[in-house]
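Below are the chains, spelled out letter by letter.
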Amino acid sequence: VRITRKLRKPGAREEPGDQLDDFGRFSEPSLLILISLAAGPKHGYAMTDDIATIADVRLGPGTLYGAIARLESRGFIEAVRSEDRRNPYRLTPLGQKALRLRLATLEGVARAGRQRLSEA
Amino acid sequence: MAALTTALIRLYPRVWRERYGDEMRELLAGQRLSLRTLADLVAGAIDARLDPQLKPQQCGGPNQGAQTMTRRFACAPAGISAQDQWRSAAWMLGGSIVLTLLGIALKLRIGPNALSEGLLYSAFPAALMLSSECTYLKGYSRAARMVISAGGAVSIVLVIWAAVAIGYLI
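Each protein sequence line maps, in turn, to chains U and H. FYI, in the numbering used here the residues of the first sequence are 3 to 122. FYI, in the numbering used here the residues of the second sequence are 203 to 372.
Treat the hints with care, as some may be off.
Partner residues are not named here, just some residues of chain H that face chain U (Cβ under 7 Å, in silico) [unchecked claim]:
1. Glu220
2. Tyr222
3. Asp224
4. Glu225
5. Met226
6. Glu228
7. Leu229
8. Leu230
9. Gly232
10. Ser236
11. Thr239
12. Asp242
13. Leu243
14. Ala245
15. Gly246
Since the hints were derived computationally from the structure, they do not count as laboratory data. No residue lacks a Cβ here, since even glycine has one placed at the ideal position from N, Cα and C.
All chains should be built: construct the whole structure from the sequences, respecting the hints.
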């Protein structure tokens with residue numbers, strides 16, 4: 003999924019979705035977390051279950067919280083105040099924008115790939 | 203099981219544990235601690251120690267692309283207070299003065315030598331390393347801070363001393 007920046011024209015303004023490229027091995031887990039939170043606030047355990055359902059991958063706690071910390075520090079997600087020890091997180095408007103841009107890029111790449119396959 | 207979970211979470215920096223420790227403990231309580239989970243936690247702890255993430259409120263707003271590094275330097279891993287900055291400045295200034303005076307005293311006592319010259323050259327970089335104890339290393343335990351900052355400062359002095367000594371020989 004680290005393709006957004008490479009596709010952007012030189013000199014073009016960096017978009018929030020591009021920052022996921024800086025997350026290294028946490029890029030893909032971060033995208034999955036954003037997708038999971040797009041359906042509403044969730045705590046870590048619920049996110050892990052949801053991601054396992056939608057992407058057939060179970061994130062380990064170290065990976066999950068490494069990605070959460072990165073997303074939270076960039077303002078893509080935020081903790082929701084809760085009495086529970088399990089803090090739920092929700093998507094921020096900036097996180098929604100980043101997710102939209104990233105998904106649009108991925109759709110464009112997938113479309114180009116499908117088109118080339120059909121032409122081959 | 204709970205003891206192992208606590209031990210694994212202790213691998214993370216203190217600031218990280220304070221922020222995510224309870225949540226991680228809750229998450230781990232609900233699942234089997236497999237070898238894969240263990241490896242994932244250790245890898246996560248190494249990552250958290252090498253690259254502790256900052257909360258936006260500690261840095262005055264969400265990070266924006268190229269500004270990320272600037273923000274990181276501006277506020278450092280654990281939210282540095284004004285008192286920490288004064289302590290850091292005191293380490294930097296005091297360390298530089300002490301090492302410089304030590305170098306001068308040594309030179310006056312035993313004449314020109316590689317160690318005194320090395321101390322004069324390394325005074326500021328070594329003091330800078332010592333000053334990181336209360337800024338960039340703040341998220342680490344007291345023992346780790348001491349070992350990294352003092353160890354780093356001693357290493358700087360030794361390397362420069364060795365460089366000067368080699369310079370004398372050639």
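A quick look at each hint next to the structure:
no., hint, result
1, Glu220, "violated, 12 Å"
2, Tyr222, "holds, 5 Å"
3, Asp224, "holds, 5 Å"
4, Glu225, "holds, 5 Å"
5, Met226, "holds, 5 Å"
6, Glu228, "holds, 5 Å"
7, Leu229, "holds, 5 Å"
8, Leu230, "holds, 6 Å"
9, Gly232, "holds, 6 Å"
10, Ser236, "violated, 9 Å"
11, Thr239, "holds, 5 Å"
12, Asp242, "holds, 3 Å"
13, Leu243, "holds, 4 Å"
14, Ala245, "holds, 6 Å"
15, Gly246, "holds, 2 Å"
Hint compliance for this structure: hints 1, 10 are not met, and every other hint is.
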